[in-house]
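Sequence order for the protein chains is A and B.
Letter 89 of the first sequence, counting from 1, is numbered 89 in our numbering, and no numbers are missing.
Letter 2 of the second sequence, counting from 1, is numbered 2 in our numbering, and no numbers are missing.
Errors might be hidden in some of the hints.
From the structure, some residues in chain A lie toward chain B, with a derived Cβ separation under 7 Å [as the list claims (entries may be wrong)]: (1) Lys74; (2) Asn83; (3) Leu237; (4) Ser252.
Keep in mind the hints are simulated off the structure, nothing from the lab.
Please read all numbers here as calculations on a predicted model, not as lab measurements.
Each residue gets a CB set at the ideal place from its N, CA and C atoms; glycine is no exception.
Take a look at the letters that make up each chain.
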Amino acid sequence: MIVDVKNLVKRYDKLVALDHLNLFVEEGEIFGLLGPNGSGKTTAINCILSLLKYDKGTIEIFGKPMSQDAYDIKRNIGIIMQNVAVFDELTVYENISYFCSLYIKDKSEVKRLTQEAIEFVSLEDFTKFHPKKLSGGLLRRLNIACGIAHKPKLIILDEPTVAVDPQSRNKILEGIKKLNADGATIIYTSHYMEEVEQLCSRISIIDKGKVLATGTKDELKAMISLGEKITVEAYNLQEEQLDDLSKLTNVSSLEYSDNCLEIKSKKGKNNLIDVLDYLQKNEINFGKIYTQMPTLNDVFLEITGKELRD
Amino acid sequence: MFFRLYKTRIKCLLKNRETLFWSFGFPILLSIFFYMAFSNLTSEDSIDTIPIAVIQEQNIDPSFMELIESIEITEDKKLFHVRSVSIEMAKKLLNEGIVKGIIDYEEDITLYLKENGIQQSIIKTFVDGYMQKSQTIRNIASLNPEVLSQEFLEEIVQHKDYIQNGTMNQKSPDYTLIYFYSLIAMTCMFGCNWGFREMVDIQADQSAIGARINVAPTNKMKLLISNLLAAFTLHFSSIVLLFAFLNNVLRIKFGDDMGLLLLISFIGSLCGISFGAFVCVAFKINVKAREVILTAISIGGGFLAGMMNVEIKYLIATKAPVVGYINPSSLITDALYSLYYYENNSRVYFNLAILSVLTIFFVIVTYCKIRRREYASI
Ligand SMILES: Nc1ncnc2c1ncn2[C@@H]1O[C@H](COP(=O)(O)OP(=O)(O)OP(=O)(O)O)[C@@H](O)[C@H]1O
Ligand SMILES: [Mg+2]
Chain A
1 MIVDVKNLVK RYDKLVALDH LNLFVEEGEI FGLLGPNGSG KTTAINCILS
51 LLKYDKGTIE IFGKPMSQDA YDIKRNIGII MQNVAVFDEL TVYENISYFC
101 SLYIKDKSEV KRLTQEAIEF VSLEDFTKFH PKKLSGGLLR RLNIACGIAH
151 KPKLIILDEP TVAVDPQSRN KILEGIKKLN ADGATIIYTS HYMEEVEQLC
201 SRISIIDKGK VLATGTKDEL KAMISLGEKI TVEAYNLQEE QLDDLSKLTN
251 VSSLEYSDNC LEIKSKKGKN NLIDVLDYLQ KNEINFGKIY TQMPTLNDVF
301 LEITGKELRD
Chain B
1 MFFRLYKTRI KCLLKNRETL FWSFGFPILL SIFFYMAFSN LTSEDSIDTI
51 PIAVIQEQNI DPSFMELIES IEITEDKKLF HVRSVSIEMA KKLLNEGIVK
101 GIIDYEEDIT LYLKENGIQQ SIIKTFVDGY MQKSQTIRNI ASLNPEVLSQ
151 EFLEEIVQHK DYIQNGTMNQ KSPDYTLIYF YSLIAMTCMF GCNWGFREMV
201 DIQADQSAIG ARINVAPTNK MKLLISNLLA AFTLHFSSIV LLFAFLNNVL
251 RIKFGDDMGL LLLISFIGSL CGISFGAFVC VAFKINVKAR EVILTAISIG
301 GGFLAGMMNV EIKYLIATKA PVVGYINPSS LITDALYSLY YYENNSRVYF
351 NLAILSVLTI FFVIVTYCKI RRREYASI
């Protein structure tokens, strides 16, 4: 177990930001912490890093209790904060080299690692630039390079793609996969479910400081009562026809508006054939059809009763 | 490792134009400004003997005559050249500009002057001072003669000695100097901005950089000391530069003891930096509010040390001496002042000792506050 968090409670005065939070991260995985804004992701990360005092609970990293001066643990952690944290007065190269030198003693090693980090985030053309002169996406990449230059075993990224253009975002996501392939364990927080879905091997969904569900994507989707969703462009459906449709064996719910019929299936079942059959028999005109497996958003919606995105 | 941290920090600080300007440029600009404002005063740096007339017929207190004739500017240069003349003669001399003032010693002293100027001010300062002291003695004597103890009289007499025999290191008092002392003290206290910045950058709850540094496996004390040392290096250089400028370009005459002068600013700079660090950790409010507090305290301290108005310094010294003892600005100006005016340096050392105690206090509190710290809120 790389990270093991048990019953973590953190209060800001009266606000309970983390409410008996439990997490564990296994070696080699990309673990996603998915939750809406203000759900406590950053708070959890800061507690794990011993930056924040917490009221209750235990935190172990690499099997040892984490604390402010657990230097042997800290040496193997790389952190990319939600807010960009670099010195405006130093160049790209100097920034990376400075943060790397906080971890690595050997001078030539720092030099080599700095160079590697620069290549890793493709900032070769900007080594002499000051952060103020970098675009948002490049700045994020610098922020990442500063966090990972020392080749940590555990990398924690707190929403590294906020306010980043799609091109930089893809680069970042690719980079994270590569770091993982090279052996690092990753903790990734985000409120973008697409990213988490694309990237993470295991996910905890949190809201209001509590873990609501944990599992792989498929496990999470299997937890909910919904199956496939069918959307059909169908014209002039009558009340009784909708009634008939909703009575088909595997239909769990049905909505119709603006000539668009949306049918949700029961868990693990499929309705497409039955629905098309019905439409044909009743000579109803229909256009485009598409089907969709449940997303993490559906999972979130079902667990919390609200959308993940606000 | 330590040296690398130090070097990087210096590089970082050197690029911060704003702090550099305030530390290196601003004091020099101010000194030029002071210099221009005082240049007509400092031209009378070497005061000549002032001719005055004393009305002859009066029943003059002989101790007064003795006093007025004995004050010296230098070893064999008297402050006043006194002529005892008739009142008509005196008026004629004053009108022709041969004497600069007439002293009419009846029951009270009346002073006649024709023009305004440095020499006239000196005469007036002297007469006022004399009247004040003789008045004090007379008042006390008439109210309660017993108070006129031997001790008290000695004190008064000593005071006279002070004027007469020049415990003042035989220098003509140059009041413009106090502004330059204030300037140096202020430059030392600018160190508080440096110290403050270092603490902000190192504390997780005050900056994103602080957070990143706090998750690194670097000993925080090592980091703190290398950073403060970097700040000190640059800040002390700014003071040395100011001295060099004042000494070599503006040719301001400080005391001869350059070593002590540098020691004062060395400790002053340390005190300024540690004070900034102290303010940064001592208050549990957001960074902006802390900055405001820092500015308020350092400007307030400067004000109380007499940077804006010299009178304030004396007011504090008489009414609330404790404030003077815990106000770094005041201690620094006083140390510089004593170095110049008194032959004996004990007062300089006294000020330096208090400054050092304050510095150590600030550093210890700062150390205790940030040692092994987890933050309640980021
Ligand atoms: N320093 C603080 N003082 C008081 N309350 C705080 C503080 N920091 C965070 N909170 C509150 O704690 C809760 C969790 O905040 P946190 O920043 O951990 O959420 P998050 O999941 O990281 O959100 P985001 O996606 O916006 O980054 C929020 O309700 C927030 O308002
Ligand atoms: Mg956050």
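Lys74(A) as an interface hint toward chain B, with CB separation required under 7 Å: At about 4 Å, which falls below the 7 Å cut-off, the nearest Cβ of chain B leaves the hint on Lys74(A) intact, so it holds.
Chain B contact restraint on Ser252(A) - CB to CB distance below 7 Å: violated (44 Å)
Restraint check, 7 Å cut-off on beta carbons, for Leu237(A) near chain B: At 55 Å from the nearest chain B Cβ, Leu237(A) fails the 7 Å test, so the hint is violated.
Hint status (Cβ of Asn83(A) to nearest Cβ of chain B, threshold 7 Å): At 4 Å from the nearest chain B Cβ, Asn83(A) passes the 7 Å test, so the hint holds.
Hint check: violations occur at hints 3, 4; the rest are consistent with the structure.
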